[in-house]
Each structure stands twice: as structure tokens, then as C-alpha cells.
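Position chain R relative to chain D; hints supplied.
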Amino acid sequence: MIYPEKVKAKKSDKIIKILIGVSIGIAVILLLINKLTTPSIPWAALANSGILYSWVVVIYSIKKNVNIAGHVLLQTIALSMLTVYIDYKLGFKGWSINIAIPIMIIIANITMLVLTIVSYKKYIKYAIYQLIIVLFSMLPIVLMTENMVEEKTISMIASGISILNFLLCLMLCAKDMKEAIIRKFHM
Amino acid sequence: MKNKRENKLYWRRLDNSAKIFPISAGKKYSTVFRLSVVLKEKIEPKILEEAVNQALEKYKSFQVKMKPGFFWYYLEHNPKLPIIEEEQDYPCKYIDARHNNNYLFKVTYFQNKINIDIFHSLTDGNSGTIFFKEIIYTYLELMHPEVLDEEERRIRKIDYNTEDSYMKNYDKKAKSNASGKKAYVLKGKKIKLGARSVIHEIIDLEGLKKESKKERVTITQYLTAVLIYSIYQENYVKAKGKRPIKVCIPVNLKKFFSSKTMSNFFSYITVEAQMKKDNLDTFEKILDFVKKDFHKRLTQEEIIKTMSTNVKIGNNPFIRPIPLVVKKAIVRLSYLEIRKYTTTTFSNIGRIGILGKYKDYIDYFLMLIAPEPVEKIKCSSCTFENKMVFTFTSILQDNRVEKRFYEFLKEKGIKIEIESNGVLDDISRKSKSKEK
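Here the protein sequences come in this chain order: D and R. 1 is the number of the first residue of the first sequence in this note's numbering; add one for each residue after it. 1 is the number of the first residue of the second sequence in this note's numbering; add one for each residue after it.
Isolated chain D (complex conformation):
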């Protein structure tokens, strides 16, 4: 006998599939209750967006190889999308793009700055995420040029911090950043 009698499939995948099924079930039930009881207030959509956000974070976290800079990037983008969605569902007062997104960008940049200073030797692992965060941080400027932002100060601070952060990283770790770009974009 050179093989085990019963070979088992990985259980963890099955558990995740069951939990996703349960989540979809809850989402449908919430939508039904919302429609039958208070159709004028879209609370089920808000709750479901929370469920979706949780899953994005959970599935990303399961990937053990994701580094901390990857988490910062994911949280920044996913939370930005969530706040825009909630704002939109509540009649779009603009607080998501005026305040929430710039604040998240500031936090993300400060986190990246701390990461760079504390462990700049590992910077090569963070470089590509840093670049994407910098690109994402230009969003407030794009929104400003499109005249979609009323509160411009905080948006300018967010993009400014991001540019400063990027310049500092270039000074500290330009070689690593170049190396990361070669690695990611090799043809």
C-alpha cells in the first residue's frame, strides 16, 4: 500500500465557500426585509456593502504572502470605495470625496512613511505599493480640477503629503524603487 486509503480535499476552501453562501443568503434576506418594511431608506444596501467590504479584507488577508504595504493599499482603496458608496446611497452630500478620501490618503501616506523609516532595508518589498498609493493619492487633485471638491484645503494637504512622502522615499531608496520597477515591469 503506497497511497492513503481515503484522500481528502482541503477543508478550508469548502468552509470559505459555505460562508460566502451564507453571506449571500443574509444579503438577500436583508434586501427583502428592507423592500417589504422601509423601502424609502436603503439600509440593506449599506449593510450589504459592509458585508462585501469584510469579504474583500478577509480574502486578501488569507493570502499569507501579502505584505503590510499591500494591506495599506487595499484598505485605502476599499474604504474609499465604501465611503463613496455610502455617501451616494445617502443622497451624495460629497463628504466622501471632500473629507473621507483625503483623510484616508493622509493616513495611508503617514503609515507608508513610518514603514519606510522604520524598515527601509525592506523597502524593496513596499516600493511598488508605495508607487500605487502615490498614484491613488493624486485622486483629490483630479477631483479638484473637475470642480467636484468644495473643501480644497484638505485635498491639497493629502496630495501634498503624498508627493513629499514620495520624494523622501526617492531620496532614501531610489535604487530599491528602480529595482522594484524593473522586476514588476520586465518584458
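Please keep in mind that the hints were generated in silico from the structure rather than gathered at the bench. Cβ coordinates follow ideal geometry from the N, Cα and C atoms, glycine included. Possibly wrong hints are sitting among the right ones.
[Claimed, not checked] DEER-style ranges, computed between Cβ atoms:
1) D/Trp-95 x R/Glu-85: 42 to 52 angstroms
2) D/Ile-107 x R/Asp-149: 55 to 65 angstroms
3) D/His-71 x R/Lys-260: 52 to 62 angstroms
4) R/Asn-316 x D/Lys-93: 33 to 43 angstroms
5) D/Met-156 x R/Val-326: 50 to 60 angstroms
Only chain R this time, still in chain D's reference frame:
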């Protein structure tokens, strides 16, 4: 500064063959092969873990994880240690990096057997065997330090690199003569729930050698002919097949070019048997055809043509700048069609040479390759001492091809034994009880 240099992250591009595997691989197309050794003693998991870690220290090219770039995947240093587990799943399953500390190979054990499942992007069967042998040597040295001394082995210098030998040796002007005809696809009901059948036919090498010598063919040619004959008798005739039976035979390019790479460096030839057109209805006719077809295709010139054509695809200036996500979508959509140009694959990695005293602890080696939705049966073989193990991995519910192969060799007077993972035994037991 010195510290910083030490921390520089090791990475390398995928070799030309390896590029396609992560783009196309998934649960159905795992592109994983397995090497196993059956020892004469029970495996000690802790010692095995230590042996794998020590082997990795010597073969750093295996201590990597796969990362997506913007245009291609690449390999990057993996600081974690591999996970060693008792065998639970079917062999050659898709290696999910999330459950494996991101490694592209998986070492498992069961009773007297050690397995290593390797994702083809990492390396080919030949270099995989070198790494696996290092694990086995180290394991046996740790188990029997009083008898086996690593010092004896140290005399042999470990000399390898990870160059892309395809790029070094391909011919820009060469054009392949490969036939564009689709192949006969094996018919039959598939095994459910992702299970796969494994049947090992343990053949007496001396008997097989005598028989092949008598027919003036090599062992690979002889077994290819038996395989085509078995498919013809048990699947092709019954399903009234029309297309040619095409058998893909991987070729180790290190035999043709000087290369010390631990990356992939293989090509293949495709034996194309037009059963009706060439009237190949007896074993003798098939054997004669296989012998001639091998002579025609297994030449350095032909091998370079096939290899160069594949290199040129990966190097095409229009393909290279396509973003990875788009490449993935295109390849996955077309992969089922691409695979229809082969009926089955037969990979013979040949003799696995083991140093003197170490042989005493080893019973035999196994090699397995993953079957796919189109190539429902795949075959592989390897030899240790006087035991050649020919393995069928299959997702078909019936094992008539495997049986015919066994009976044919038996009728020729060659000693042969069977080992299996019991999947088809279970299915036939269930269908018998249903009939009652």
C-alpha cells in the same frame, strides 16, 4: 551598505517554457508533476523536514515564490520554510501557494514513501530529480549517520545555474514542421469530485530490455508503441476514432546542449500515428511506425526547430507588451483548443542513479504527471536498478487502456506488478453493487 546589499531581494525571470504555466494553470490544468521514492523503512517526518531544509540551503533556486509582474510572472526569494505534511490529497494536484507557505513544490510522505509535487514553472523533471535526490541523500544521512557520511558526497561539486538555456540555444531562423492536425481525444466517462486514478506498472527491466532488443528499438520506442496499441484497441476502435493518435514525448535538452541550468530545459517530439491512413492495425505495424517516426523526429535539427518555434512565441514583440491580465484571459480561453493537438503524453525520465550505499535503503522510484480535461490519461516512467515503473494517471472511469498495456507486456513474458491508489477499484466496486 554591505547590510543593504545582503538584503537585496533575489528575483529571476521565468524561463521561456515556464512562462506559460502560471498563466494557464488552475485546478483543472495543474501542470504539476510528482516524483516519489519508496524506501525500505518508515518515514520519520521530523527528519524529513530537516532534510528538505538542508537541501534547500544547497539548491537556493527552489527557495522561491511566484509573483505577478505587469507583463509576466517572476520568481522571488521565499524567506519562509516549506510545509511538510502527510499525504492526503490526490497526486499532482494544483499547488495552492496560500496553503503552502508560497512554495512551488510540496513535499509529502506516506508510510515508506516520500513525494515531491513540483509546479512546472519551477523546473522540469530532470532538474526536479536532482533536487529530490538531494532530499533523499540528506534524509538517509540524517537517519543513518553511522553508515552514510555526507563527506563522501561532498567530493561531488554542486555546480548549477538558473540561466534561461532556451534563449542561449535557440535558432532565430528555424521553422517547425509540426503538423497542424488535431489529435484523437480519449473518450469515456470522467471520475467525479476531482479524483484521479493512479496505476503503477512495475516492470522487470531486464525482461523489457530483452524484448526491445529483439525488436531493435529503444525502451521508450517500445513502450510508446505498446501505449498506442492499447489506446487503439481499447478506446480508439470502440469509439470509432478518425483523428490520429498523437503522443507527446518530452525530450531533455541537456542531452543535446551543454547546460547546467536548474530551470526548465526540455522540448518534445510528437509521434503522430494515422491509424487508418497508414493501416496501423497490429502491434508490429505500430512498432515499425514508431521506430521510423522517432528516427525522423528525434534529431538535433528537429528538436531545435520545435524549441525555437516555442521560444519565438514567448519572445514575440507583439506578445511581450500585452499586460499579464490580458495574456491570462486569452490563454485560458484558448487553452482547451490548444490541448486538442495531443492524445496523451508519455514522459520517460530514464534511470535515476543513486550512490553506492544509499541504494540499500531504496525500493523504487515513481514519476507521475497530471492528467487534464483533454489529455485524460497521461503516462510517465522512471527506472531504478532493475525496476522500471510505468505510471498511468487518469481521470477516466474505465481502466481498459491500463489493463491492455499490462496484459500485453505479460503476454510477452515480461515480469510485471501493479500498484494503484485504489480509485478505480472503488468505482468498479460501486458499479458492480449497482448492477446487483
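Does the hinted range 52 to 62 angstroms hold for D/His-71 and R/Lys-260 at CB?
violated, 40 angstroms
Can the suggested window of 42 to 52 angstroms be confirmed for the beta-carbon pair D/Trp-95 and R/Glu-85?
holds, 51 angstroms
Lying within 55 to 65 angstroms: is that true of the beta-carbon distance D/Ile-107 to R/Asp-149?
holds, 59 angstroms
Are D/Met-156 and R/Val-326 spaced within 50 to 60 angstroms by their CB atoms?
Check failed, 36 angstroms falls outside 50 to 60 angstroms.
Cβ-Cβ distance between R/Asn-316 and D/Lys-93: within 33 to 43 angstroms?
52 angstroms Cβ-Cβ, so the 33 to 43 angstroms window is violated.
Hints 3, 4, 5 from the earlier list are contradicted by this structure; the remaining hints agree with it.
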